[in-house]
Amino acid sequence: MNLGTLMQYTFAGIKIGSIYAMVALGFNIIYNTTGIINFAQGEFVMLGGMFMVSLSKVMPLGVAFPIAVLAVVVIGCIFERGAIWPAKGASVITLIMITIGGSFLLKGVAMLVWGKSSFPLRSFSSEKPLRVLGARIEPQMLWIVGVLVVVMVLLSLFFRFTLTGKAMRACAANRAAASLCGVSVDRMVLLSFALAAGIGAVAGIVITPVTLIDYNRGAMYALKGFAAAVLGGLGIPTGAVVGGLVIGLMECFGAALPFRDASSYKDAIALLVLLVFLCAKPSGILGRAAISELKKF
Amino acid sequence: MKKVLIGLTAFVVVSMVVLAGCKKKEEAEIGPPPPVPYKVGAVLDVTGKAAWLGEPEKKTVEMVVRQVNAAGGINGHPLMVIVEDNASEEATAVIAMKKLVDSDKVCAVIGPSQSGTTLAVVPIAMEKKVPLISCAAAARIVQPAAEKFWVFKVPQMDSDCVRRIYDYMKEKGWTKAALITVTDGFGSAGREQLKTIAKEYKIEIAADETYLPTDTDMTVQLTKIKNTEAQALISWSIAPGQSTVIRNARQLGLTIPLFQSHGFGNIKYVQAAGEAADGVLFPAGKLLSVEDVPDADPQKKVLVQYKKDYESEYKEPVSTFGGHGYDALNLVIDALKAVGPNRAKIRDYIENRKGFIGTAGVFNFSPTDHCGLDKTAFVMYTVKGQKFTLLK
Chain P
42 MNLGTLMQYT
52 FAGIKIGSIY
62 AMVALGFNII
72 YNTTGIINFA
82 QGEFVMLGGM
92 FMVSLSKVMP
102 LGVAFPIAVL
112 AVVVIGCIFE
122 RGAIWPAKGA
132 SVITLIMITI
142 GGSFLLKGVA
152 MLVWGKSSFP
162 LRSFSSEKPL
172 RVLGARIEPQ
182 MLWIVGVLVV
192 VMVLLSLFFR
202 FTLTGKAMRA
212 CAANRAAASL
222 CGVSVDRMVL
232 LSFALAAGIG
242 AVAGIVITPV
252 TLIDYNRGAM
262 YALKGFAAAV
272 LGGLGIPTGA
282 VVGGLVIGLM
292 ECFGAALPFR
302 DASSYKDAIA
312 LLVLLVFLCA
322 KPSGILGRAA
332 ISELKKF
Chain D
5 MKKVLIGLTA
15 FVVVSMVVLA
25 GCKKKEEAEI
35 GPPPPVPYKV
45 GAVLDVTGKA
55 AWLGEPEKKT
65 VEMVVRQVNA
75 AGGINGHPLM
85 VIVEDNASEE
95 ATAVIAMKKL
105 VDSDKVCAVI
115 GPSQSGTTLA
125 VVPIAMEKKV
135 PLISCAAAAR
145 IVQPAAEKFW
155 VFKVPQMDSD
165 CVRRIYDYMK
175 EKGWTKAALI
185 TVTDGFGSAG
195 REQLKTIAKE
205 YKIEIAADET
215 YLPTDTDMTV
225 QLTKIKNTEA
235 QALISWSIAP
245 GQSTVIRNAR
255 QLGLTIPLFQ
265 SHGFGNIKYV
275 QAAGEAADGV
285 LFPAGKLLSV
295 EDVPDADPQK
305 KVLVQYKKDY
315 ESEYKEPVST
325 FGGHGYDALN
335 LVIDALKAVG
345 PNRAKIRDYI
355 ENRKGFIGTA
365 GVFNFSPTDH
375 CGLDKTAFVM
385 YTVKGQKFTL
395 LK
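These protein sequence lines are chains P and D, in that order. What the first sequence shows, in the working numbering, is residues 42 to 338, in sequence order. What the second sequence shows, in the working numbering, is residues 5 to 396, in sequence order.
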């Protein structure tokens with residue numbers, strides 16, 4: 042295998058891995074603030090892509106992008122207020138089941154509104170491929186990776202330097218203590234859903250020019266994103282990125298294996314590696330065993 | 005108190021039902037009975053991954069029903085087509101087929117749109133002895149003829165499509181082909197045909213890659229293909245993924261000619277692939293280039309009529325798939341006119357029909373040939389400026 046081919050597979054892995062990373066980031070934000078896994082995360086990704094497709098037909102991409110993200114953020118907030126907040130006393134498992142129900146609802150509504158077809162979206166910049174290290178990549182991939190980097194940087198600035206960000210971290214560390222310090226835990230939970238919805242929407246928007254979008258896409262992204270979050274260490278933001286990229290790369294290299302039908306088994310290969318790894322180190326790549334024992338889930 | 009309330013409600017409901025029933029009886033006794041409608045069933049993949057096949061088929065069927073009934077029906081009987089959407093899924097197709105055959109008691113069923121969903125309902129057609137006229141392409145739908153007594157299909161054979169592609173390759177002197185096929189019914193049937201027929205033409209299969217209908221990126225498979233000595237790439241699918249294959253191939257800088265199957269015959273696949281679709285080659289029926297069909301061609305009148313009707317009614321370009329719906333329903337209407345709504349008679353009539361002019365070609369059925377078309381029903385197309393153009 043020459044360098045060009047190797048780099049081609051690597052870039053393909055990074056491309057899809059970045060999306061899993063963003064989905065995993067969304068999982069981590071909600072998990073950190075509330076302790077629950079939000080299985081509707083995949084639908085946020087799907088809705089971002091769908092809104093962008095519809096909006097881009099009537100306005101330029103640059104205007105449609107923030108409006109689409111805003112639309113999904115609003116939906117995320119409605120979801121939190123409508124389904125999660127009224128059940129705030131319930132157990133973690135109950136809340137997780139509520140999010141699963143919510144994901145079905147969002148998927149069903151999307152199907153009714155947009156139908157079952159697949160929708161294309163034009164690339165943000167040109168479609169002319171670029172040559173990098175012997176491989177050819179489409180410019181949209183630069184957008185995907187670029188957006189991931191920007192999201193990561195903004196998130197870490199937010200959590201480290203703003204008061205709200207610190208308040209959210211306080212909630213994650215100890216809800217009761219944060220509440221005693223004057224942090225409104227309810228508002229932090231709402232904000233976490235809004236953030237997760239926004240990041241999910243952004244991920245959905247940047248990947249749609251590459252993969253098309255349809256109402257059913259959310260489940261696959263949720264599953265892979267969750268696997269990425271767990272692989273990297275649940276609750277650790279850099280873990281989300283590491284986990285996402287690792288799963289993306291494993292999928293692509295799995296499909297590249299020289300046996301017949303390797304491409305049909307690529308999902309199985311990636312998830313098998315995940316299972317084996319977690320048997321050995323359940324706290325994930327960047328997780329530490331002591332900390333993960335403190336977490337409820 | 006509660007029990008009294010429930011009892012009262014039940015009494016009111018029951019009496020309303022009885023009164024309604026009585027009212028109906030009174031109305032039905034006046035005047036001569038209206039002519040019994042001829043009931044035909046249609047199981048189509050209107051939503052889901054084959055929506056770009058099933059939706060034009062459904063629209064076409066509805067348009068034909070309106071036209072036939074406006075002209076007085078079939079020998080005075082109104083035509084009723086009951087359309088069921090199987091959402092591109094095999095299990096739903098089976099349920100829909102059973103409903104049409106058992107409860108609606110249709111005299112024939114047209115569809116489904118995909119090879120996979122068709123193969124799922126073929127056993128029901130055989131068991132219940134109902135003529136099934138499929139809008140799907142795989143040869144194995146009607147072969148071996150002995151096992152497919154009740155099953156017909158109106159699109160050209162996938163095996164003939166393969167032959168047409170290989171004929172073209174031979175003309176150009178290309179002997180090495182790379183395959184990339186989707187793992188559904190149509191894709192896997194096409195793949196088998198491609199591999200078997202390659203031996204006839206002495207074409208070497210340099211790569212045999214597959215992808216799932218749900219896959220969103222085929223860069224890895226295409227990279228493997230790029231590293232082989234293939235002189236042509238043949239992509240076989242009806243799923244929207246075939247547009248992604250084209251985009252990925254262009255992005256990777258694959259310069260070898262790219263062939264598609266006749267599952268590409270809806271302009272929406274071109275739109276989804278964008279500029280990358282320019283230059284793609286594929287065989288399809290004459291419906292995509294009606295203006296270029298010579299007036300002397302026996303199909304010309306039917307093609308012009310269908311294109312005019314469909315495009316003025318629905319304001320969207322015709323696709324070969326809508327054409328298959330047109331051919332299937334017209335075949336059944338033709339049979340109904342001749343022999344009436346009897347399942348066995350319809351089957352026999354279609355099996356012996358010769359010279360039936362449709363959008364896909366001129367059909368000549370026989371007991372050993374339930375497809376009726378050969379490779380001459382195809383012409384080669386390419387895509388130029390996001391439009392289907394006849395290859396000259």
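No wet-lab data here; the hints were simulated from the structure. Just so we're clear, the structure is a prediction, and the values are computed from it rather than from any experiment. Backbone N, C-alpha and C fix where the C-beta goes; we use that ideal spot for every residue, glycine too. Hints are supplied without guarantee of correctness; some may be wrong.
As the list claims (entries may be wrong) - Calculated pairs, BS3-like style, for lysine-lysine (alpha carbon to alpha carbon, straight line, at most 30 angstroms):
no.	chain 1	residue 1	chain 2	residue 2
1	D	K63	P	K148
2	D	K132	D	K341
3	P	K157	D	K341
4	D	K103	D	K176
5	P	K157	D	K388
6	P	K148	D	K132
7	D	K63	P	K207
Unchecked claim - A short list of chain D residues far from chain P (calculated; beta carbon distances all over 12 angstroms):
no.	residue
8	K53
9	N79
10	D89
11	K103
12	Y205
13	T220
14	L226
15	K228
16	G245
17	T248
18	L258
19	E279
20	K358
21	V366
What the hints assert, rightly or not - Far from chain D by the CB rule (all over 12 angstroms, computed), these chain P residues:
no.	residue
22	L47
23	A53
24	G54
25	L96
26	A112
27	T135
28	S164
29	L198
30	T249
31	P299
Hints and how they fare:
1. Between K63 of chain D and K148 of chain P the CA atoms are separated by roughly 26 angstroms; this keeps the pair inside 30 angstroms, and the hint holds.
2. Distance restraint check for K132 of chain D and K341 of chain D: the Cα-Cα separation of roughly 23 angstroms lies within the 30 angstroms cut-off, and the hinted pair is therefore satisfied.
3. Between K157 of chain P and K341 of chain D the alpha-carbon distance is near 37 angstroms, which puts this suggested pair outside the 30 angstroms criterion.
4. This hinted pair does not check out: K103 of chain D and K176 of chain D have alpha carbons roughly 50 angstroms apart, beyond 30 angstroms.
5. Our distance criterion of 30 angstroms between C-alpha atoms is met by K157 of chain P and K388 of chain D, whose separation comes to about 28 angstroms.
6. Distance restraint check for K148 of chain P and K132 of chain D: the Cα-Cα separation of roughly 37 angstroms exceeds the 30 angstroms cut-off, and the hinted pair is therefore not satisfied.
7. Proposed proximity of K63 of chain D and K207 of chain P is contradicted: the alpha carbons are some 57 angstroms apart, above 30 angstroms.
8. At roughly 7 angstroms, the least C-beta separation between K53 of chain D and chain P is not larger than 12 angstroms, which violates its mark as non-interface.
9. Once the 12 angstroms rule is applied to beta carbons, N79 of chain D is consistent with being away from chain P; the minimum gap is 38 angstroms.
10. The claim that D89 of chain D lies off the interface is violated: its Cβ sits roughly 9 angstroms from the closest Cβ of chain P, which falls inside the 12 angstroms cut-off.
11. Chain P leaves K103 of chain D outside its interface by the beta-carbon criterion, the shortest separation being 20 angstroms against a cut-off of 12 angstroms.
12. No beta-carbon of chain P is positioned within 12 angstroms of the beta-carbon of Y205 of chain D; the least distance is around 23 angstroms.
13. Listed as outside the interface, T220 of chain D is inconsistent with that label: its C-beta sits roughly 3 angstroms from the nearest C-beta of chain P, within the 12 angstroms cut-off.
14. Not every Cβ of chain P is farther than 12 angstroms from the Cβ of L226 of chain D; the closest lies at roughly 9 angstroms, contradicting the non-interface assignment.
15. The Cβ of K228 of chain D sits about 7 angstroms from the closest Cβ of chain P, inside the 12 angstroms cut-off, so the non-interface label is violated.
16. The Cβ of G245 of chain D does not lie farther than 12 angstroms from every Cβ of chain P; its closest approach is about 8 angstroms, which violates its non-interface assignment.
17. Under the 12 angstroms C-beta cut-off, the non-interface status given to T248 of chain D relative to chain P is violated; the minimum distance is some 7 angstroms.
18. Non-interface status of L258 of chain D relative to chain P is broken: a Cβ of that chain comes within 12 angstroms, the nearest being about 10 angstroms off.
19. At roughly 6 angstroms, the least C-beta separation between E279 of chain D and chain P is not larger than 12 angstroms, which violates its mark as non-interface.
20. With a least beta-carbon separation of about 38 angstroms from chain P, K358 of chain D lies farther than 12 angstroms from that chain, consistent with its non-interface assignment.
21. Every CB of chain P lies more than 12 angstroms from the CB of V366 of chain D, the least distance being 33 angstroms, so the non-interface label holds.
22. Non-interface call for L47 of chain P relative to chain D: violated, since the shortest CB-CB distance, roughly 10 angstroms, does not exceed 12 angstroms.
23. With 12 angstroms as the threshold on Cβ separation, the claim that A53 of chain P sits away from chain D is violated: the shortest Cβ distance comes to roughly 4 angstroms.
24. Distance to chain D contradicts G54 of chain P as a non-interface residue, since its nearest Cβ pair spans about 9 angstroms, not more than 12 angstroms.
25. Non-interface status of L96 of chain P relative to chain D is upheld: no Cβ of that chain comes within 12 angstroms, the nearest being about 18 angstroms off.
26. A cut-off of 12 angstroms between C-beta atoms confirms that A112 of chain P is not in contact with chain D; the least separation is 23 angstroms.
27. For T135 of chain P, the non-interface assignment is confirmed: its Cβ lies about 31 angstroms from the closest Cβ of chain D, beyond the 12 angstroms cut-off.
28. For S164 of chain P, the shortest C-beta to C-beta distance to chain D comes to about 8 angstroms, within the 12 angstroms cut-off, and the non-interface label is violated.
29. Non-interface call for L198 of chain P relative to chain D: holds, since the shortest CB-CB distance, roughly 31 angstroms, exceeds 12 angstroms.
30. The Cβ of T249 of chain P sits about 10 angstroms from the closest Cβ of chain D, inside the 12 angstroms cut-off, so the non-interface label is violated.
31. Not every CB of chain D lies more than 12 angstroms from the CB of P299 of chain P, the least distance being 8 angstroms, so the non-interface label is violated.
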